[in-house]
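Participant: When you get a sec, could you build the whole thing from the sequences and use the hints?
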Amino acid sequence: MKSTLLKSLQYLLLAAMAGLMVVFFFQTQIMDLDRHTAETQDILRLKQLDTLLEEEALKITSLQLSHYDNMVDLVVRINALTTRLKNPQGGVYGTIGPKMDGLIDNYSQLMKDKIDFIESIKSSMAIVRNTLNFIPTEIQRITSRSHNALEHQFHSMLATLLAQNINPSPQNLKKYNEAIADLKVLKSNPKTSLVSQANIKRILLHATTNMKANIDTITLFDSLTELKTRAAIEQIFVAHSDFAFERIKTADKYRLVLLTLSLLLFLGLGITLHNLNTARNAAQRTSQQFKDAVESINEGFAFFGNDGKLQFWNKTFEKLHEKCGDFLQTGISLGSFFKACSTSGTYVDYDTIDQNTAKMPNQSYTIKGANNTWMLASDSPMGDGGTACVRVDITDNKRAEAQMRNLSRAVEQSPASVIITDLDGVIEYVNPKFVEKTGYSAEEAIGQTPSIVKSGNRPAKDYKDLWTTIQAGNEWHGEFHNKRKDGSLFWEYASISPIKNETGETTHYLGIKEDITEQKETMAELLIAKEKAELANHAKTQFLANMSHELRTPLNAIIGFSEILKSQMFGPLGNSQYLDYSTDIHDSGNHLLGVINDILDISRIEIGTIEIREHPINLLALCLTCITMVQDHADHRKLTLKANISEQLPNIQGDAIRIKQIVLNLLTNAVKFTLAGGNVELKAFANDDQGITIQVIDTGIGIAPDQHDKIIEPFEQIGDIFSREHEGSGLGLYLVKSFITLHDGTFGIESELGKGSTFTFTLPAARVINTV
Numbered sequence: 035m036k037s038t039l040l041k042s043l044q045y046l047l048l049a050a051m052a053g054l055m056v057v058f059f060f061q062t063q064i065m066d067l068d069r070h071t072a073e074t075q076d077i078l079r080l081k082q083l084d085t086l087l088e089e090e091a092l093k094i095t096s097l098q099l100s101h102y103d104n105m106v107d108l109v110v111r112i113n114a115l116t117t118r119l120k121n122p123q124g125g126v127y128g129t130i131g132p133k134m135d136g137l138i139d140n141y142s143q144l145m146k147d148k149i150d151f152i153e154s155i156k157s158s159m160a161i162v163r164n165t166l167n168f169i170p171t172e173i174q175r176i177t178s179r180s181h182n183a184l185e186h187q188f189h190s191m192l193a194t195l196l197a198q199n200i201n202p203s204p205q206n207l208k209k210y211n212e213a214i215a216d217l218k219v220l221k222s223n224p225k226t227s228l229v230s231q232a233n234i235k236r237i238l239l240h241a242t243t244n245m246k247a248n249i250d251t252i253t254l255f256d257s258l259t260e261l262k263t264r265a266a267i268e269q270i271f272v273a274h275s276d277f278a279f280e281r282i283k284t285a286d287k288y289r290l291v292l293l294t295l296s297l298l299l300f301l302g303l304g305i306t307l308h309n310l311n312t313a314r315n316a317a318q319r320t321s322q323q324f325k326d327a328v329e330s331i332n333e334g335f336a337f338f339g340n341d342g343k344l345q346f347w348n349k350t351f352e353k354l355h356e357k358c359g360d361f362l363q364t365g366i367s368l369g370s371f372f373k374a375c376s377t378s379g380t381y382v383d384y385d386t387i388d389q390n391t392a393k394m395p396n397q398s399y400t401i402k403g404a405n406n407t408w409m410l411a412s413d414s415p416m417g418d419g420g421t422a423c424v425r426v427d428i429t430d431n432k433r434a435e436a437q438m439r440n441l442s443r444a445v446e447q448s449p450a451s452v453i454i455t456d457l458d459g460v461i462e463y464v465n466p467k468f469v470e471k472t473g474y475s476a477e478e479a480i481g482q483t484p485s486i487v488k489s490g491n492r493p494a495k496d497y498k499d500l501w502t503t504i505q506a507g508n509e510w511h512g513e514f515h516n517k518r519k520d521g522s523l524f525w526e527y528a529s530i531s532p533i534k535n536e537t538g539e540t541t542h543y544l545g546i547k548e549d550i551t552e553q554k555e556t557m558a559e560l561l562i563a564k565e566k567a568e569l570a571n572h573a574k575t576q577f578l579a580n581m582s583h584e585l586r587t588p589l590n591a592i593i594g595f596s597e598i599l600k601s602q603m604f605g606p607l608g609n610s611q612y613l614d615y616s617t618d619i620h621d622s623g624n625h626l627l628g629v630i631n632d633i634l635d636i637s638r639i640e641i642g643t644i645e646i647r648e649h650p651i652n653l654l655a656l657c658l659t660c661i662t663m664v665q666d667h668a669d670h671r672k673l674t675l676k677a678n679i680s681e682q683l684p685n686i687q688g689d690a691i692r693i694k695q696i697v698l699n700l701l702t703n704a705v706k707f708t709l710a711g712g713n714v715e716l717k718a719f720a721n722d723d724q725g726i727t728i729q730v731i732d733t734g735i736g737i738a739p740d741q742h743d744k745i746i747e748p749f750e751q752i753g754d755i756f757s758r759e760h761e762g763s764g765l766g767l768y769l770v771k772s773f774i775t776l777h778d779g780t781f782g783i784e785s786e787l788g789k790g791s792t793f794t795f796t797l798p799a800a801r802v803i804n805t806v
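Residue numbers for the sequence shown follow my numbering, beginning at 35 and rising by one.
The set of hints was computed from the structure by calculation and includes no laboratory data.
Take the hints with a grain of salt, since some may be wrong.
To be verified - Straight-line distance between alpha carbons at most 27 Å, and here's what the computed DSS-like set of lysine-lysine pairs gives:
| id | residue 1 | residue 2 |
| --- | --- | --- |
| 1 | K488 | K517 |
| 2 | K343 | K353 |
| 3 | K221 | K146 |
| 4 | K498 | K517 |
| 5 | K209 | K235 |
| 6 | K156 | K146 |
| 7 | K262 | K283 |
| 8 | K349 | K283 |
| 9 | K225 | K343 |
| 10 | K519 | K534 |
| 11 | K517 | K554 |
| 12 | K287 | K262 |
| 13 | K262 | K517 |
| 14 | K432 | K209 |
| 15 | K534 | K564 |
| 16 | K325 | K357 |
| 17 | K133 | K93 |
| 18 | K283 | K93 |
| 19 | K554 | K564 |
| 20 | K287 | K353 |
Facilitator: Shown next, in the form of structure tokens:
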């Protein structure tokens, strides 16, 4: 009996031990909290990375992302976490159930679609950036050549375009459309030159491309936001949390069994207590890790318990709701919290929010606050009846969103042809303008090289230089004479530059081509007209030279015979009036001879046959001689003639006749155009550059500043009454400037009407041969 009892007790103990081991085994399997914690952290990281991915997408659309390092890193991390979750050995895929597997598969597909949309947005934004860079540069290039109404129209359009890009609004769009309409009217105006029409057409095309690219970006971004990846992650999180909570509940049941068995076995009790203590520590560690994870994320996070009361929140959530003040405290209900946010202006559209929270659980929605602030929000019910509230500040992204809508259209609507090739020159993208200009469809062009439009009129060396330039990482500019699909030829001005990734490595080449066929044709016509004008001018010069030679022979006879009559070489004329007539004939002949000599000098200058006879010149003596020669004329006009010539004036190397002609011409003009009682002064001195400066200063009638350039042109005179009272051919100052230029000197005029004039010419130090 006793043996049987002991045996039964032994079997009982063995059964208890076996039961204890079984319970302990299942408890250990169910209470694998570290693994659940790691899986929970992975899911939370996926949620955080999804938010960061959307933030990066918004930065792309707002042109704030100059490279895509963060984007690539986010995609890699998301794919790594997704792969880890789908691994049956270390993830949740295949370990919880088909529902969880389906949720993970759904999330994977949604994330793949989101990444594809982001890549498309990147492409559209590349077009936006290029056109925004091109339009101001092109306007600068166009308007730098002339200043007219076209410049104002261009800058007005550019201002409205930038305003609509930066701050989209119906008002800015209206102004932009008006500016575009004004340009179109100006382009259609028959009075607008062909070059201006081409420039307007080019700018219009770039602007409209800018707008189209922005629309494309908006469409892509709207499609991206419709992908509910956050909701998918939330569903995974909820499903995983439910699974973990169920396992914990099951573990609690086994704990009760374990405690019962521990009453029979002291050793089992000790083991059970040890396991319970271990599980409690793991639960505390998991809870703290969860709180640390929530605090570390960039999103605002708050949790309302199953009683609807606020239990905890992170610092980001507190910062986003700082206007709520003391209302953000433990124990406030979800409804009261929303009302407090509405009252403080943190949430403006409270009714909309209330509908969203009631009708769209697990769905993201936007909240508009005061001062045009925005938050992306979600209020997700938890398995235990609580609510997890997530808030993300998207104010900057919202402001940039409208701008990006406009920018995304830029490339597609560009007025210039845009081509993107790989490193081998194989075309990967062409815009509609390329299709329009070449006749090749996008499908026909993609996969080909740009040589499909090659006409063969450009040497191979030029293409080699092009490739050398862009492969070195530099931008190439030049012209192409290309051939369309129909065989017709056209001219293009091209800018080809490398596209570099975030590490500075060239990945593609970008070509922007502008049709300059009309400009080329216009230039050809201008060259023909220029050649005709030059031929006509040469014929005029030759005619003047021939006529001057023909006139000199009879004129010399007239001057000679009038000199004989004037000197009464063969006896008295008998009447003093004959003597006066002969004097007038002699003076008029000399004047006409001077004009003819001036014309001959001009013809020699224009055809390049005039010669400078170089020899040493005593400049001091030459200046004094010129003063003496005009002294009588000055006295006759009751003028004071002064000579302010340095006694240390050095000798120079040059043509004495031409230098004397320069000084006499300037002195004669000064005497001629100075009223009685005025002063005329000749100054000559060595300047600071070791050269010679000669000035003729008068107190005469002066010359208007807008006439300074005109009076040094041949046959030009000032058109006032006073100057027309004095004889002159209008050749003097032109010859003065020409003779000074032949001596490597400079000539300048300082004068104002009624304030006199100063004529200055300098001779370089190279012509000084000694110091007196």
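Participant: Please go over all the hints and tell whether each is borne out by the structure.
Facilitator: Hint check:
With a C-alpha separation of about 6 Å, the suggested pair K488 and K517 falls inside the 27 Å cut-off, and the hint holds. In summary, the hint linking K343 to K353 is supported, as the alpha carbons are separated by about 20 Å, within the 27 Å threshold. Distance hint between K221 and K146 is unfulfilled; the C-alpha atoms sit about 47 Å from each other, more than 27 Å. Distance check on the hinted pair: K498 and K517 sit about 20 Å apart at the alpha-carbon level, within 27 Å; holds.
For a cut-off of 27 Å, the pair hint linking K209 to K235 stands: about 19 Å separates their Cα positions. Between K156 and K146 the CA atoms are separated by roughly 15 Å; this keeps the pair inside 27 Å, and the hint holds. A C-alpha spacing of about 31 Å is found between K262 and K283, which places the hinted pair above 27 Å, so the restraint is violated. Restraint check: the Cα-Cα separation between K349 and K283 comes to about 32 Å, which exceeds 27 Å; the hinted pair is violated.
Between the alpha carbons of K225 and K343 the distance comes to roughly 75 Å, so the proposed pair goes past 27 Å and is violated. With a CA separation close to 31 Å, the supplied pair K519 and K534 exceeds the 27 Å bound. Distance check on the hinted pair: K517 and K554 sit about 15 Å apart at the alpha-carbon level, within 27 Å; holds. Restraint check: the Cα-Cα separation between K287 and K262 comes to about 38 Å, which exceeds 27 Å; the hinted pair is violated.
Note on K262 and K517: the hinted pairing is violated, with a Cα-Cα distance of about 49 Å set against a maximum of 27 Å. For the given pair, K432 sits about 22 Å from K209 by alpha-carbon distance, which is consistent with the 27 Å threshold. Among the hinted pairs, K534 with K564 is inconsistent with the structure: their alpha-carbon atoms are about 45 Å apart, more than 27 Å. Restraint check for K325 and K357: satisfied, since their Cα atoms lie roughly 24 Å apart, inside the 27 Å limit.
Restraint check for K133 and K93: the C-alpha separation of about 35 Å exceeds 27 Å, so the hint is violated. Between K283 and K93 the CA atoms are separated by roughly 45 Å; this puts the pair beyond 27 Å, and the hint is violated. A threshold of 27 Å between alpha carbons decides the hint, and for K554 with K564 the separation of about 15 Å falls inside it, so the pair holds. For the suggested pair K287 and K353, the alpha carbons sit about 43 Å apart, so the restraint of at most 27 Å is broken.
Violation of the numbered hints given earlier is confined to hints 3, 7, 8, 9, 10, 12, 13, 15, 17, 18 and 20; the remaining hints are satisfied by the structure.
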